[in-house]
Amino acid sequence: AFRSHSYFSDIAVGVICGLGACGYELAVQAAHQILAERN
Numbered sequence: 215a216f217r218s219h220s221y222f223s224d225i226a227v228g229v230i231c232g233l234g235a236c237g238y239e240l241a242v243q244a245a246h247q248i249l250a251e252r253n
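Under this note's numbering, the letters of the sequence shown match residues 215 to 253, in that order.
No wet-lab data here; the hints were simulated from the structure.
Some hints here could point you the wrong way.
Distance ranges between label pairs, derived from CB positions [stated by the list, open to error]:
{"#": "1", "residue 1": "Ser223", "residue 2": "Glu251", "range": "34 to 44 Å"}
{"#": "2", "residue 1": "Phe222", "residue 2": "Ala250", "range": "20 to 30 Å"}
{"#": "3", "residue 1": "Ser220", "residue 2": "Leu240", "range": "28 to 38 Å"}
{"#": "4", "residue 1": "His246", "residue 2": "Asp224", "range": "18 to 28 Å"}
{"#": "5", "residue 1": "Ala250", "residue 2": "Ala226", "range": "17 to 27 Å"}
{"#": "6", "residue 1": "Ser218", "residue 2": "Ala250", "range": "27 to 37 Å"}
{"#": "7", "residue 1": "Ile225", "residue 2": "His246", "range": "17 to 27 Å"}
{"#": "8", "residue 1": "Ala244", "residue 2": "Asp224", "range": "31 to 41 Å"}
{"#": "9", "residue 1": "Glu251", "residue 2": "Val229", "range": "30 to 40 Å"}
{"#": "10", "residue 1": "Ser220", "residue 2": "Ala245", "range": "10 to 20 Å"}
We put the CB at the ideal spot given by N, CA and C, even for glycine.
Whole structure, please, built from the sequences with the hints as guidance.
Below you can see the structure in the form of structure tokens.
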């Protein structure tokens, strides 16, 4: 099955799961922080 293997787990920094619509906002905030720390 497609979801039985994660193609991004080797490069993922984190996982947000089970937070509904709030998960999208948290993901954007986390991505912003991670990218800011890299520069």
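We went through each hint and held it up to the structure:
no.	hint	in the structure
1	Ser223 x Glu251: 34 to 44 Å	21 Å, violated
2	Phe222 x Ala250: 20 to 30 Å	21 Å, holds
3	Ser220 x Leu240: 28 to 38 Å	19 Å, violated
4	His246 x Asp224: 18 to 28 Å	23 Å, holds
5	Ala250 x Ala226: 17 to 27 Å	18 Å, holds
6	Ser218 x Ala250: 27 to 37 Å	34 Å, holds
7	Ile225 x His246: 17 to 27 Å	18 Å, holds
8	Ala244 x Asp224: 31 to 41 Å	18 Å, violated
9	Glu251 x Val229: 30 to 40 Å	18 Å, violated
10	Ser220 x Ala245: 10 to 20 Å	18 Å, holds
The structure fails hints 1, 3, 8, 9 (numbered hints given earlier, in ascending order).
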